[in-house]
Amino acid sequence: MSIVNFDRVFFAFSIGSHIILVVISMVLALLVSIVELLAIRRNDELYEKISRRLAKTLIIIFAIGTASGTLIAVELFALFPGFMSVVGYVSILPFYSEVFAFFLEAIALVMYVYFWDRFKNRYSHWLLSVMVVVGTAASAIFITMINAWMNTPVGFNIHAYLATGVLTGINPWAVFNAPSTWSEEFHVVTTTYAAGGFLMIAFFSYFYLKGKGVARVASKALLKISTAISGFFIVLAGLSGTLTASMLIVEQPLKYAAIELNLHSSANAAETIGGIFSHGKILDAITIPHLQSLLAFPLTLGKGTVPGLNLFPNQSLWPPLFIHLTFDVMVLGGTLIGLFAFFVILGYLLHKDPYTHRFVVAGGIISGVLGLLVYESGWVTDEVGRQPWIIYNVMKVSQAANTSPSIVPLGIAMIIFYLVAIPFTIYYTAKTVNFREFNDEPTDEKRGGEVNVPGR
Amino acid sequence: MYQVVESEFFMNSVIFAVFFAIISTEFMAGSALLMHYRSYGKQVKRFIIPIWEITGTFFVLYVVNVEALAPGLLPVVAETYIPLILLFMILYSTRNASIIFAEFIWKNSFISEKTLYRIYSTVTLILGAILLVIYVSIVTGKGISISAHSFNLIPFFSYLPDDGIILGSALIFLGLSYVFYDMEKNKRNSIYITVAGLVINAVSFAFLKNFVFYPYLAIPIVLTILLPVLYNIRGTSLIAKNKIFYISVMSISVAIIERSFFPNLFGGTVDVRAYFSGTAMQSAMFELTILMIIFVGSMMIFYFRMYFGGFRNTIRENEHDTEGKGVL
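Respectively, the protein sequence lines represent chains A and B.
The opening position of the first sequence corresponds to residue 1 in my numbering, with each subsequent residue numbered one higher.
The opening position of the second sequence corresponds to residue 1 in my numbering, with each subsequent residue numbered one higher.
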């Protein structure tokens, strides 16, 4: 493996690991805020205990996520110094703004957790949790702006740069509004909350299965809230996905053609599910006539032309076509977990409790794993779909990469570190949540041990 | 344009100074927890536990600010220090993991709270040493080949002023740790050790070619010695061990020392201004940095107001809770 490819794999592994923590911390912040609000509004002791316990979990995830995020920032300039040099001249402002969000999140979270009892007005304390939610979401939004800029670069004279290598005509604020920014933001934020919501469903399904007494009641309450969060965001994720596909047709037609495995441009394109590209043909695929056109142009009922790989004869600039399969995993997996959330929410609307059935709880665990797979597949599709470019049509990864061989042993050490740190963090966090301790504490006499669960 | 560059460098110095001042509280905590865990562990943790998460954020702020100020410098730094940087990051993650695990570790765990704090302390001290090695080498240039983008530790440590600055700084922080964490048994030692560190540092700096002795360098020397002296005087010890006073004093001192090298780095062979972006980005960053200082400053004031408003008492009430439940 070349050093450039090692850089690619190393960074992909790091960010693939990091986003697990990001997903958990974003949704956990939202969950803590919702639970504390319910505790205040209902004057509910159990919700109060749950929110304290989840806040403790959040600060652990945040601590490890901070380290991992800093690692990513340093890796970016250590592995791709050529890229970060251009970013420094043209598009550093979202990175810098992200530090604002980071400070907001860090300081608010520290005060939220450690100064909990110092607040006489409970709503003032709760507002800190809102600041944490805003901080985590804003961090994601600012970082995604950089990714959108990598996909559709703006803010400098690209033609002059390609001709001379000199950066001119710099507009530092343009990065906040690149052509792909807002559709990508919409998709990233909604999918992150959706994936996080499903992960929470998995966690609390497990606790629900294993728990007894108050611990089981607490798990059930959190299961319901998590289902509501993921159900809401998975719908928005589907909508934003359609918008993103439409944006790709205009801004990154090669990526679109690759993820849909379109060999030719077409005005009446079928959706290709599965299949591999071999010797100029697609093998072993299932096709659904007209569906791709309909999804790409829903407002005109499929009238429009989708791009094909034939528009880009230079095959050395094609991304690896396995992204078609990761795209399929994303869409099909997303649809499945969406159906699961729909089924559960429908059950509650019909005044039934789906989580009383063990197979539904087991489905919750599966949906969490699948949700994460869908989310990671989405990022692989996006990032590999831009290859060989690091800045689309401007700079290749090979031009940006650090080719010092000294990276390899330390890179391997870091990969091992992640392999140990992430599972251990999840194990440690699960041990810390430990709702079973609730059973050893005095119950709320007002409710006789019962709990006000949402929707009851 | 030159003026903007100067102002932006000034802001970068301020950010670095505050970051260094805050992270130095962790270096001091590291030595205190390793050497005096039983006697002073609780009061060290009382300060470190809530703030260590924020320290890391200052680090990120500084890195991104440098990236914006001198994007051309990054490829040089990245390639030159890559092994140290990656090692730093692994240790940085270990630091975060060990302290948060120490804080919430449960009863009868396979690893004790004290062991985790020892890991945190050791790792933090190594992190401090790596930071010092990187910064001292950027100043003296020993062991660095700019053309080959490489850094060799043997010539670096063979140059006595490099060793002197690292040893001197370590002694200064050891001496100041007695003040900052109010370790009364070492009151006298705080003066002797801090002065010894200052003397070693002064002699080492005198040998550096690119170091200019401005009269205002007396300020950090006086301020540094002032802390243990005030600590030893009955009426002023409260001022000396005040956390905000220390952070202010250390920030001013670091900013002044940093200024004395500007703009000549790597033993005077590189004028750092050549790497500054000097584009529209510079003014945009300048504006955002002012906003950042106001924003972070306000948040930190709020934080310290809450901290001094009773958080320490909350910890005290929970001190019997030593089995890892922290303050919750």
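Honestly, I wouldn't trust all of these hints.
[Unchecked claim] The list that follows gives simulated cross-link-like pairs (lysine-lysine, DSSO-like), each with its CA atoms no further than 27 angstroms apart:
#, chain 1, residue 1, chain 2, residue 2
1, B, Lys42, A, Lys431
2, A, Lys210, B, Lys107
3, B, Lys185, B, Lys114
4, B, Lys187, B, Lys107
5, B, Lys107, A, Lys49
6, B, Lys114, A, Lys212
[As the list claims (entries may be wrong)] Between beta-carbon pairs, the in silico distance windows are:
#, chain 1, residue 1, chain 2, residue 2, range
7, A, Gln399, B, Pro263, 45 to 53 angstroms
8, A, Val166, B, Tyr192, 37 to 45 angstroms
9, A, Trp173, B, Ile293, 45 to 53 angstroms
10, B, Gly235, A, Asn177, 44 to 52 angstroms
11, A, Gln399, B, Ser150, 37 to 45 angstroms
12, A, Leu317, B, Phe10, 42 to 50 angstroms
13, A, Lys120, B, Gly235, 55 to 63 angstroms
14, B, Ile293, A, Pro405, 22 to 30 angstroms
15, A, Pro388, B, Arg259, 16 to 24 angstroms
16, B, Lys107, A, Lys120, 26 to 34 angstroms
[Stated by the list, open to error] Here chain A is said to cover these stretches of chain B; the calculated rule only asks that three of the stretch's residues, wherever they fall, bring their Cβ under 8 angstroms from a Cβ of chain A:
#, stretch
17, 44–52
18, 97–108
19, 114–120
20, 154–167
21, 214–220
22, 269–280
I should point out that these hints are in silico values taken from the structure, not numbers from a laboratory.
The beta-carbon is built from N, C-alpha and C at its ideal position, and this holds for glycine as well.
For each hint, the structure was consulted:
1. B/Lys42 - A/Lys431: holds (25 angstroms)
2. A/Lys210 - B/Lys107: holds (21 angstroms)
3. B/Lys185 - B/Lys114: holds (22 angstroms)
4. B/Lys187 - B/Lys107: It is violated: about 36 angstroms lies between the C-alpha atoms, which goes past 27 angstroms.
5. B/Lys107 - A/Lys49: With Cα atoms ~20 angstroms apart, lysine 107 of chain B and lysine 49 of chain A stay inside 27 angstroms; holds.
6. B/Lys114 - A/Lys212: violated (33 angstroms)
7. A/Gln399 - B/Pro263: 45 to 53 angstroms: 30 angstroms Cβ-Cβ, so the 45 to 53 angstroms window is violated.
8. A/Val166 - B/Tyr192: 37 to 45 angstroms: About 57 angstroms separates the Cβ atoms of valine 166 of chain A and tyrosine 192 of chain B, which means 37 to 45 angstroms is violated.
9. A/Trp173 - B/Ile293: 45 to 53 angstroms: violated (20 angstroms)
10. B/Gly235 - A/Asn177: 44 to 52 angstroms: The hint (44 to 52 angstroms, Cβ to Cβ) is violated, given that glycine 235 of chain B and asparagine 177 of chain A are roughly 59 angstroms apart.
11. A/Gln399 - B/Ser150: 37 to 45 angstroms: Taking Cβ atoms as reference, glutamine 399 of chain A and serine 150 of chain B lie about 21 angstroms apart, which means the hint is violated.
12. A/Leu317 - B/Phe10: 42 to 50 angstroms: For leucine 317 of chain A and phenylalanine 10 of chain B the Cβ distance comes to about 45 angstroms; the hint holds.
13. A/Lys120 - B/Gly235: 55 to 63 angstroms: violated (35 angstroms)
14. B/Ile293 - A/Pro405: 22 to 30 angstroms: Cβ of isoleucine 293 of chain B to Cβ of proline 405 of chain A: about 41 angstroms, so the range 22 to 30 angstroms is violated.
15. A/Pro388 - B/Arg259: 16 to 24 angstroms: At roughly 44 angstroms between Cβ atoms, arginine 259 of chain B and proline 388 of chain A fall outside 16 to 24 angstroms, so the hint is violated.
16. B/Lys107 - A/Lys120: 26 to 34 angstroms: holds (33 angstroms)
17. 44–52: Holds: 3 residues of the stretch 44–52 of chain B have a Cβ under 8 angstroms from chain A.
18. 97–108: Three-residue rule met by the stretch 97–108 of chain B, so holds; n is 6.
19. 114–120: violated (count 0)
20. 154–167: Coverage by chain A is violated for the stretch 154–167 of chain B (0 residues, Cβ < 8 angstroms).
21. 214–220: violated (count 0)
22. 269–280: It holds: at least three residues are needed, and the stretch 269–280 of chain B offers 3 whose Cβ sits within less than 8 angstroms of chain A.
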